[in-house]
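Protein chains in written order, with this note's numbering: chain A, 1 to 540; chain B, 1 to 125.
Hints in this document: simulated from the structure, not taken from any laboratory. Even glycine gets a Cβ: it sits at the ideal position worked out from N, Cα and C. Watch out, some of these pointers could steer you wrong.
Quick list of the computed label-pair ranges, beta carbon to beta carbon [as the list claims (entries may be wrong)]:
{"no.": "1", "chain 1": "A", "residue 1": "Ala505", "chain 2": "B", "residue 2": "Thr98", "range": "51 to 61 Å"}
{"no.": "2", "chain 1": "A", "residue 1": "His525", "chain 2": "B", "residue 2": "Gly25", "range": "43 to 53 Å"}
{"no.": "3", "chain 1": "A", "residue 1": "Tyr208", "chain 2": "B", "residue 2": "Thr98", "range": "36 to 46 Å"}
{"no.": "4", "chain 1": "A", "residue 1": "Asp451", "chain 2": "B", "residue 2": "Thr98", "range": "34 to 44 Å"}
Under 8 Å between C-beta atoms, here's a sample of chain B residues computed to sit facing chain A [what the hints assert, rightly or not]:
{"no.": "5", "residue": "Pro9"}
{"no.": "6", "residue": "Gly25"}
{"no.": "7", "residue": "Val26"}
{"no.": "8", "residue": "Glu45"}
{"no.": "9", "residue": "Ser91"}
{"no.": "10", "residue": "His113"}
Take a look at the letters that make up each chain.
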Amino acid sequence: MQPFEWSKIIDALGDAVIAADRDGSIVYANPAVDRLLGWAPGDLVGQPLIVIMPERMRPAHEEGFRRYLSTGVARLIGRSVRVPALRKDGAELDIELTLTAQRVEQGQVFVAMLRDLRERVELERQLGVTKYVAAATRAAARLAERLELQHVVSVAVTTLAQDLDAALARLWLRDPASGSLELSASAGLSDQVEGSARRRIDPATYPYKVGAVARTLRPFLSNELVGDDEFEQEWIRREGLKAVAVLPLLCGGELRGVLAAFFRRRLADELFELLGTFGALVASALENTRLYTQAQEAIKERDEFLSMASHELRTPLTPLVLSLESLRRVVGRGDGVASETVQPKLTAAVRATSHIESLVSRMLDVARVHEGRYELRLETFNLVGLLGEVVDRHRAQVESLGCTLLVHTPEAVVGTWDRLRLDQVIANLLSNALKYGRARPIDVRLAASDDQVTLTVTDRGIGIAAGDQERVFDRFERAVSGDKYGGLGLGLWITRKFVEAMGGAVSVASTPGEGSAFTVVLPRHGPRPVAPDGAERGVA
Amino acid sequence: MTDATRCGPVLIVEDDPDVRESLRGVVLDEGYCVAEAGDGRQALEYLRAHANPCVMILDLMMPVMDGWQLLAAMKDDAALGRIPVVVVSASSVDKLQTAQTLGAVALLRKPVHLDALLEAVERFC
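One chain only, chain A, in its complex shape (with noise of 0.2 Å):
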């Protein structure tokens, strides 16, 4: 049998393997090694083994190396360690290096493997990058959680501390009246470096590098904090701080503060990146918490000033209405001319001012139901009695209008429901078909089962376009000009409102110029209790 080729092998090898001999010269190294560390192939044979490591490690091998000739106490021999080694053209790489001695024909010789580290380097370093970004990405979700400034500047600084691994952070908000940042929240060793930050910055005149990121709206990013003035500081040394990151938060190019940051290791770019789209994170969330925080406040004055105008207006209305009730009252029990020409004109005044009335508490309902403000009241009883007393209060204006609206009834339909709300719905609907509806013949239909009711009222007016059925239920929205048809688009809004507090639907089915039909389903006791998730809307 022929001898095994074993340095053919060797030679075919991707990681390198190298030999040398008890005087420390090279004997065998295969073209791994050259390629590894930039000899030309063979040119390494002969040499010193001391030539492929750094300056600063060569008397340590030699010393090692006589201790384990004259002694055979071994520290290296099969095992591996992380060292750097040396190219022919001066750079340095990590490699992993495997030692082992063997006996050979020709004597004891020395073989190591080296294993290139730079792509398990590369590849750590990505690992670490993904962390990062895992982490950005949690606290993003994190930040969106609340709308709420404290919220986000609180996560913003414990997020950089905690999982991007910044040994302070500090965020500064700026105070848009003056112009000055204020410190907002700090996270890690802020405790111990409390005196080190300034509570409040004039960026115009602080000389720092968090005013001049304000002046500029750059980052600034550095790996090198020895040597600069500003973090010569006793506590940057005794901490070890290697790095620092001072982020501008930006919204629409606008500052609304400044991020910043203390590492005690270098950052790759990469990682400088990812705080920078961090900052921008941050930025946004606080952007969205000064939006809502607005949108907020104007609904609050909007609902404050419809509260207020509701009960100014309801004050002087009460001479109004006493004084023409009273009127009304003393012309009726007299008689002849005056009563016949006065009762007619006090008639259509206190209509009106019933009419305004209504208005004003329309009003205020938009404010509660907004707010949701208003707590159902349940009672039991009869609707088709409640059904009939508020046809009776439409009577007049049937009337006048000289249409027909026809009642459709059970004898009785009695259930638990809010009275004075439901009262509230039936009008609307009602006041609707009125307006809306020619003059031409209303129907008014309720139907009973044993858990629920429907109510339908049906107009043969102009009816409603498809496309603006649904939207006919929003609030200010309607389907008709407003220049032709008076009203504020309130009404059907309220009433979706408070049939849906009563557990039940309102949909309308109209046939533009035919008329419309506008249905109420309600429960007949009462809403189902909704489940804490709201798993049980839209059962019914």
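Mind docking chain B on chain A? Use the hints.
This is chain B only, laid out in the frame that chain A set:
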């Protein structure tokens, strides 16, 4: 129902002169006697100097001493605590109801209607 039998009087506590005037007018028309006060403090002064009215018509939002404060003061006073109080206010239903816990016997929301007002007064005078 002659005028003489109806003189309780009705005490109207209301800061808005137009509202006070119209309340006074319709109550007088029905033949009741009327006394007036422009705020809670004036009402208290009146009550301490005169015999009890048969009913008090009380606004809630008033300067100096509001309706709630007056109700609270009357509640603490054995003689005044018995006077029936009809609240007539533009306040929200919730706020009106707080007056009920302070002892008001009826709550009427502004604009108050003639029938409802007279019915409330008639109950006590």
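Comparing the hints with the structure gives:
no.	hint	result
1	A:Ala505 to B:Thr98: 51 to 61 Å	violated (35 Å)
2	A:His525 to B:Gly25: 43 to 53 Å	holds (47 Å)
3	A:Tyr208 to B:Thr98: 36 to 46 Å	violated (57 Å)
4	A:Asp451 to B:Thr98: 34 to 44 Å	holds (37 Å)
5	Pro9	violated (18 Å)
6	Gly25	holds (7 Å)
7	Val26	holds (5 Å)
8	Glu45	violated (24 Å)
9	Ser91	holds (7 Å)
10	His113	holds (6 Å)
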